[in-house]
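Same order as they appear, the protein sequences are chains A and B.
Read in order, the letters of the first sequence are residues 1130 to 1433 in my numbering.
Read in order, the letters of the second sequence are residues 1130 to 1433 in my numbering.
These are computed hints drawn from the structure, not numbers from a lab.
Worth double-checking, as some hints may not be accurate.
If several chains are the same, the list does not tell them apart, and a pair holds so long as it fits within one copy or across any two.
[What the hints assert, rightly or not] Under the rule of at most 27 angstroms between Cα atoms (straight-line distance), these lysine-lysine pairs were calculated in the BS3-like manner: (1) LYS1428 / LYS1389; (2) LYS1171 / LYS1405; (3) LYS1433 / LYS1173; (4) LYS1403 / LYS1427; (5) LYS1427 / LYS1402; (6) LYS1301 / LYS1388; (7) LYS1322 / LYS1173; (8) LYS1427 / LYS1389; (9) LYS1407 / LYS1301; (10) LYS1196 / LYS1388; (11) LYS1322 / LYS1405; (12) LYS1389 / LYS1171; (13) LYS1301 / LYS1428; (14) LYS1407 / LYS1433.
Protein chains: 2
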Amino acid sequence: MSLSSKKRLDVKEKYIVESSMQDLWNVWFTELHLGNSGLTVKVKRLVETAQSRYQRIDVLDTEDFGKMLVLYGSIMVAENDLFSYNEMITHVPLFAHPGPERVLIIGGGDGGALTNVMKHPEVKSATMCEIDRMVVEISTRHFPELSTGFRDKRARIIFRDGRKYIETGRRKFDIILLDLSDPIGPAANLFQKSFHQGVFNRLNDDGIMVAQSESPYYNAETVRQMYDNLREIFPIVKMYSCHVPIYPSCYWTFAFCSKKYHPIVDFDIDRYKKLKLKNNYYNLDVHIGAFALPEYVKKLIGEK
Amino acid sequence: MSLSSKKRLDVKEKYIVESSMQDLWNVWFTELHLGNSGLTVKVKRLVETAQSRYQRIDVLDTEDFGKMLVLYGSIMVAENDLFSYNEMITHVPLFAHPGPERVLIIGGGDGGALTNVMKHPEVKSATMCEIDRMVVEISTRHFPELSTGFRDKRARIIFRDGRKYIETGRRKFDIILLDLSDPIGPAANLFQKSFHQGVFNRLNDDGIMVAQSESPYYNAETVRQMYDNLREIFPIVKMYSCHVPIYPSCYWTFAFCSKKYHPIVDFDIDRYKKLKLKNNYYNLDVHIGAFALPEYVKKLIGEK
Chain A
1130 MSLSSKKRLD VKEKYIVESS MQDLWNVWFT ELHLGNSGLT VKVKRLVETA QSRYQRIDVL
1190 DTEDFGKMLV LYGSIMVAEN DLFSYNEMIT HVPLFAHPGP ERVLIIGGGD GGALTNVMKH
1250 PEVKSATMCE IDRMVVEIST RHFPELSTGF RDKRARIIFR DGRKYIETGR RKFDIILLDL
1310 SDPIGPAANL FQKSFHQGVF NRLNDDGIMV AQSESPYYNA ETVRQMYDNL REIFPIVKMY
1370 SCHVPIYPSC YWTFAFCSKK YHPIVDFDID RYKKLKLKNN YYNLDVHIGA FALPEYVKKL
1430 IGEK
Chain B
1130 MSLSSKKRLD VKEKYIVESS MQDLWNVWFT ELHLGNSGLT VKVKRLVETA QSRYQRIDVL
1190 DTEDFGKMLV LYGSIMVAEN DLFSYNEMIT HVPLFAHPGP ERVLIIGGGD GGALTNVMKH
1250 PEVKSATMCE IDRMVVEIST RHFPELSTGF RDKRARIIFR DGRKYIETGR RKFDIILLDL
1310 SDPIGPAANL FQKSFHQGVF NRLNDDGIMV AQSESPYYNA ETVRQMYDNL REIFPIVKMY
1370 SCHVPIYPSC YWTFAFCSKK YHPIVDFDID RYKKLKLKNN YYNLDVHIGA FALPEYVKKL
1430 IGEK
């Protein structure tokens, strides 16, 4: 898909700081996590601020994290992040499925998940269904390395509400990734049980869904409820985690939900070794170690 | 050791906020990590501020983390933390050694490591060598659950410079834990190679040292140098990690340095099962999974 051929959106640069003003420029962006604490980051420049039909979108240039994409007040992507989230949401299910030919991503507007999916030669088609075209536009402009997957011939981008896409379509998938923002804002109803049931129905009989499942430290009740629901739908539900310095508590989890394959027992080590991915975070050890959950997390989601 | 029998230290409460002033009380504490970003926390009350001979010590009461101990500007302990750090620095080496009878802790003034060491019945004596008596005093007063180990008959507390204790003593230990604050401030010279060589010399022939080894995300150069040095001293050097919401990047590492035992191969699963620890973080899965290192960390410390 070529984005350059599309009409440029009306994005307003609200603040431009001239170099002569730098001495007076002492601006900090803070993402509050529980309301009374959070990550605070010194901002070099507000690169772009836009209001899409669905949410506020900011791109901030920061000293410590480089450029950051902020959706609805939450930091989503940053240049100096580890890119662990995108590698982990993608490679764990793709190496657990013996033939991941048809992949669907719901959300994922920054392109990071799609770009990692496209690294697997087994994938014949990858569809990304993102509600907010402006997120894709802005990400492509400011985070070009994340979004190289958009240019792959096997990739197809649809701008549509994920819920409607899941409920109205018929084609089935081997892998469905729920690469969503937080359950406040536009992604709220994509955390509900009825949606997960819909995703189950759109998977082949040996299909795998992976959903980002928030921070068990800060979002304990959301996490508990989500896993209770998922276990009523999928025969295999396993949580795995990774370190994301820009996310709340820097500890992020994923729900591996599967009709047939186990994430470790069915891990395709031969394909992993053959593909020789150049990752920053994901590797064989991490694939297995990520499923080792701390005691408080096991208790939270009722895992023995 | 009874602390109550000791002379109360001259600790000044600099700020006391009356309830009538609460409306005007909007105080935030920020720990900067790289200088231009960090964790920011709303402070309900400055409980205690002291200047010891070695460092500034603050106890803050916060909305999200409860009471927090801050040494030399760095958050060390908080009531709503996961207590992962103390469990991980302790149980990993103690279950890897078949007979951890004599344990030494350098630092560890908050008492958390000692309290966890005392949960192992194999331990016959545990010595804690902390330079700053005031840290122990203040921790005992505000974090009593962390410091129950101080009252154990097998425990002995020495207030002395760790370097001098290591260099001048002769008795040997099965386990030595370096439970230190950051390599700025009073613990700076306890991160040097000559100190680690001294610790090696004070270990029995099958002894294990575990040292906290900072965040590979924020302190990459410190971590790289430290592991290069440790590998020149110990035959077995393995990094493991845990999630600590109150530390920089929330991802903290430990150097497992051993003369004989491997942390996973020699893990004593029978003793682990028998002891039935009631942990918040550490368990069998985590003991093994914590040694799975992300790709960028493996590259940083040259591990294949």
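Any hints from earlier that this structure breaks? Give me their numbers in increasing order, please.
-> 2, 3, 7, 9, 10, 11, 12 and 13
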